Amino acid sequence: EPEVTQTPSHQVTQMGQEVILRCVPISNHLYFYWYRQILGQKVEFLVSFYNNEISEKSEIFDDQFSVERPDGSNFTLKIRSTKLEDSAMYFCASSENRVGQPQHFGDGTRLSIL
Amino acid sequence: GIQVEQSPPDLILQEGANSTLRCNFSDSVNNLQWFHQNPWGQLINLFYIPSGTKQNGRLSATTVATERYSLLYISSSQTTDSGVYFCAVGPSYDYKLSFGAGTTVTVRA
Chain W
5 EPEVTQTPSH QVTQMGQEVI LRCVPISNHL YFYWYRQILG QKVEFLVSFY NNEISEKSEI
65 FDDQFSVERP DGSNFTLKIR STKLEDSAMY FCASSENRVG QPQHFGDGTR LSIL
Chain B
9 GIQVEQSPPD LILQEGANST LRCNFSDSVN NLQWFHQNPW GQLINLFYIP SGTKQNGRLS
69 ATTVATERYS LLYISSSQTT DSGVYFCAVG PSYDYKLSFG AGTTVTVRA
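Protein chains in written order, with the numbering used here: chain W, 5 to 118; chain B, 9 to 117.
Pulled out of the complex, with its shape left as it was, chain B reads as follows (with noise of 0.2 Å):
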């Protein structure tokens, strides 16, 4: 199956500043989701983004399906992000996603 790489697995960061979550997949995608899962376990979806470029307030993400990567960026971080940022991808052969390990963001106050 699809391989799935996030890194760095940990970042902690102070608030107000910004950071690069990085994802990377092994095979062509029809789909990849980008999730943050709060303290209370649930995942909140953030972007869908097999390709190209998208910005949703103080996060965005660019995914270069050709080279098989996504970036998820967030600026100005505040206490709130905290918490595991998963990348998920779907292969075009695949009804399941597959996701990776996960990173996981600390904001200090």
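Next comes chain W alone, as it looks inside the complex (with noise of 0.2 Å):
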């Protein structure tokens, strides 16, 4: 069955870094997200992503973050300058319409601001 892979599974990065977070949907998916988990909490959404552009994004996605899809495959998150409170699992979904279709998540990219 076709999965959502995220590269790294860990990063650690100095608090001011910028850090790169990547995915690959599912291939022949158009809708793709990022979605956050700070230790012990539940799952937040960031931002949704179609047709090259974001549909939607919540009050956490300010302008230090951004996202890409820099080729026929890849959809990355951006974080500027990172803060201790980025610290965070961050997930990518992707789903094949908008309604009517489950989102796949990948595993994770688990973010430790140090």
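By construction, these hints were calculated from the structure, which means they are not laboratory data.
In this text the structure is predicted, and so the values were computed from the model without any measurement.
Listed below are several chain W residues computed to face chain B (Cβ distance under 10 Å; list not exhaustive): (1) Y35; (2) Y39; (3) K46; (4) L50; (5) E60; (6) G104; (7) Q105; (8) F109.
With a straight-line Cα cutoff of 20 Å, these simulated DMTMM-like cross-link-like pairs (lysine to aspartate or glutamate) come out: (9) W:K61 - W:E89; (10) W:K46 - B:E13; (11) W:K82 - W:D111; (12) W:K46 - W:E63; (13) W:K82 - W:D66; (14) W:K46 - B:D18.
For each residue, glycine too, the CB sits at the ideal point set by N, CA and C.
Grab the two chains, each in its own frame, and use the hints to assemble them into the complex.
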């Protein structure tokens, strides 16, 4: 069964550094998402992406965050200047359609900011 | 936005016991998914069930969309069933999934 792939599985970064989290969605999917989960808390929506533009973003997704689909397979989340509170598990997801189909989640990237 | 409430927050079971987890939501939905988060943090998709009933082995789920709730049943629980179970819903007007706070299940041998 096709899977959403995320790399790296764990990233440790100094505060203030830029970090790029990478995702390869399922190949025929058109909708892409990033979610995050701070340790011990529930999963929160960050951003959705369709047709090479952001469809929706949460209030968490401020100017420090950006997303890009640089080629036909990758989908990236960039945090420009990381803060301690950005430490979390980041999940990428994709779906074939906006409704009527499940979102498929990757295994996550655990981001630790020192 | 849509509100998602899961109950109970914590559940301790003896191996072999059955249990029911509940998810209430505040608006009509086009998407409802149940996930199991394992100790490594991975979200394992259990069911895509915006309405109706599905079964997969010892797990089954029922969503009554008109009454805005979903139930996840675990039968003959095993220690490997331990972890956090999340319900996530997507309303018709929105792209995103909104997650509940989860039910932490501990199965003791």
